[in-house]
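Below, each chain spelled out in residue letters.
There are 2 protein chains.
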Amino acid sequence: MARPRKPLLSRDRIVATAGALVDAEGLDAVSTRRLAAELGVSGPSLYNHFRTKDEILEAVADAVSAKVDLSMFDEHDGRDWRTALHDWAVSYRAALTDHPNIVPVLARGPGRRPAGLRVADAVFGAMVRAGWPAAQATHIGALMRYFITGSALGSFARGFVDDETAYDPADYPHLGQAHLLAERQQQVDEGAFETGLRALLDGLAVRYEAAVRH
Amino acid sequence: MARPRKPLLSRDRIVATAGALVDAEGLDAVSTRRLAAELGVSGPSLYNHFRTKDEILEAVADAVSAKVDLSMFDEHDGRDWRTALHDWAVSYRAALTDHPNIVPVLARGPGRRPAGLRVADAVFGAMVRAGWPAAQATHIGALMRYFITGSALGSFARGFVDDETAYDPADYPHLGQAHLLAERQQQVDEGAFETGLRALLDGLAVRYEAAVRH
DNA sequence: ACCTGAACACCGTTCAAGT
DNA sequence: ACCTGAACACCGTTCAAGT
Numbered sequence: 560m561a562r563p564r565k566p567l568l569s570r571d572r573i574v575a576t577a578g579a580l581v582d583a584e585g586l587d588a589v590s591t592r593r594l595a596a597e598l599g600v601s602g603p604s605l606y607n608h609f610r611t612k613d614e615i616l617e618a619v620a621d622a623v624s625a626k627v628d629l630s631m632f633d634e635h636d637g638r639d640w641r642t643a644l645h646d647w648a649v650s651y652r653a654a655l656t657d658h659p660n661i662v663p664v665l666a667r668g669p670g671r672r673p674a675g676l677r678v679a680d681a682v683f684g685a686m687v688r689a690g691w692p693a694a695q696a697t698h699i700g701a702l703m704r705y706f707i708t709g710s711a712l713g714s715f716a717r718g719f720v721d722d723e724t725a726y727d728p729a730d731y732p733h734l735g736q737a738h739l740l741a742e743r744q745q746q747v748d749e750g751a752f753e754t755g756l757r758a759l760l761d762g763l764a765v766r767y768e769a770a771v772r773h
Numbered sequence: 560m561a562r563p564r565k566p567l568l569s570r571d572r573i574v575a576t577a578g579a580l581v582d583a584e585g586l587d588a589v590s591t592r593r594l595a596a597e598l599g600v601s602g603p604s605l606y607n608h609f610r611t612k613d614e615i616l617e618a619v620a621d622a623v624s625a626k627v628d629l630s631m632f633d634e635h636d637g638r639d640w641r642t643a644l645h646d647w648a649v650s651y652r653a654a655l656t657d658h659p660n661i662v663p664v665l666a667r668g669p670g671r672r673p674a675g676l677r678v679a680d681a682v683f684g685a686m687v688r689a690g691w692p693a694a695q696a697t698h699i700g701a702l703m704r705y706f707i708t709g710s711a712l713g714s715f716a717r718g719f720v721d722d723e724t725a726y727d728p729a730d731y732p733h734l735g736q737a738h739l740l741a742e743r744q745q746q747v748d749e750g751a752f753e754t755g756l757r758a759l760l761d762g763l764a765v766r767y768e769a770a771v772r773h
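Chain order of the listed sequences is A and B.
Take the first sequence: its letter number 105 is residue 664 in our numbering, and every next letter is one higher.
Take the second sequence: its letter number 102 is residue 661 in our numbering, and every next letter is one higher.
Think of the hints as simulated: they come from the structure by calculation, not from any bench.
Certain hints may be false.
As the list claims (entries may be wrong) - Computed cross-link-like contacts, EDC-like style, restricted to lysine to aspartate or glutamate with a CA-CA straight-line distance of at most 20 Å:
no., chain 1, residue 1, chain 2, residue 2
1, B, Lys626, A, Asp582
2, A, Lys612, A, Asp587
3, B, Lys612, A, Asp587
4, A, Lys626, A, Asp582
5, A, Lys612, A, Asp628
6, B, Lys612, B, Asp571
7, A, Lys612, B, Asp582
8, B, Lys626, B, Asp582
9, B, Lys612, B, Glu597
10, A, Lys626, A, Asp646
11, A, Lys626, B, Asp730
12, B, Lys565, B, Glu597
Stated by the list, open to error - Beta-carbon label-pair distances, calculated as ranges:
no., chain 1, residue 1, chain 2, residue 2, range
13, A, Glu634, B, Ala575, 54 to 62 Å
14, A, Gly690, B, Lys612, 49 to 57 Å
15, A, Pro673, B, Leu567, 48 to 56 Å
All residues carry an ideal CB built from backbone N, CA and C; glycine is no exception.
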């Protein structure tokens, strides 16, 4: 076959197929040979479009970041900083829980991913505009990211096994019914996220009062 | 050689060596062959002590969890719930930043790891004793974990490259000096952690007032 | 019970060769 | 420029064989 007149591959097609494979079968299912087979080419062909497999996964992660709604940070949106932060956090978490298998890649910081940086930029800009000092605005972007990605990655309940015998009450005196948590995994995660988000925003509001009063 | 009179390996020795390798060279450096070589045995020997490589890494992560100070949750410690939560969070984060390379494994939830579960149990127990309703106590354990592991994993600044030319101000209007962040990476992360932790605790204190007043 | 070497079915990546 | 097959240096894991 060698080179066809029209390229068989493009970066977008590789990223889309890799993303679908990650969603369907997890991060471990993505090998260059498997991904290439899914695309109808041979493994090494991918290296004409990406330098490493890791760059492909970074691009998949960035495509998820690109889905995060940022309209609440628009200059003329009208939402106050607190509401904007809340709505953004909910949108961000939704984007991550829609694609849980790529979260481990995404959670490692915005890195060089354009969409990830765009998110950081939007939060920072909106907080400064709302009156936050620049240093605090940087902190807010970072700490919100910690909480949101942490919640998408570290599902508390996911770890528990749906088997009572797995937990000896003598070892974990307060977690005697931990197995129940596995059943209501999503409720716990969503409740913890909502509680944490509100607590975070309440706490920031206190600091905001102190900050703008310089 | 075959079987020696005294076992060459033990689970503890494997975990200790794997942990040292992870710390020194990162998660990717740990292959069964490499780890075995470090231990002076051949690769398959590890399978007499662990079922999979993943179980070894889980054990390494659990050993880090075991270093987290939990004394502030002791029944007779005397610290109020808020101070205990703060001190625990600081200790937890310190344990993680001491061993950053294993954090991706640890961040995926407590799973079946005994020490991870012991941490969850201690937090839950102390919050209930302090007067929090059980459902809220579960949420607090989860959301604190989200924030702490998220902060250890997703260093905001780490991602930025120490090269001004990497960021076109036209793309990220508010991050024009993002390259500066790389220089003060630790300060940003620590500041964001401290700010977020205090905000979280302030916010929880508000909810506590409402909760205990049933 | 606990170690070994050989083997199986994979990996990511490089590279010369083809059009 | 963009694809190919062959090759290199690896993987995790299984298993029969040894003591």
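Hints versus structure:
1. B:Lys626 to A:Asp582: 35 Å, violated
2. A:Lys612 to A:Asp587: Measuring from Cα to Cα gives roughly 12 Å; hence the hint holds.
3. B:Lys612 to A:Asp587: Holds, at about 14 Å.
4. A:Lys626 to A:Asp582: 15 Å, holds
5. A:Lys612 to A:Asp628: 28 Å, violated
6. B:Lys612 to B:Asp571: 14 Å, holds
7. A:Lys612 to B:Asp582: 24 Å, violated
8. B:Lys626 to B:Asp582: 15 Å, holds
9. B:Lys612 to B:Glu597: 15 Å, holds
10. A:Lys626 to A:Asp646: 14 Å, holds
11. A:Lys626 to B:Asp730: 17 Å, holds
12. B:Lys565 to B:Glu597: 18 Å, holds
13. A:Glu634 to B:Ala575: 54 to 62 Å: Because 55 Å falls inside the window, the suggested range holds.
14. A:Gly690 to B:Lys612: 49 to 57 Å: Distance hint for Gly690 of chain A, Lys612 of chain B holds at roughly 51 Å.
15. A:Pro673 to B:Leu567: 48 to 56 Å: Cβ of Pro673 of chain A to Cβ of Leu567 of chain B: about 50 Å, so the range 48 to 56 Å holds.
In summary, the structure is inconsistent with hints 1, 5 and 7 from the numbered list given earlier, while agreeing with the others.
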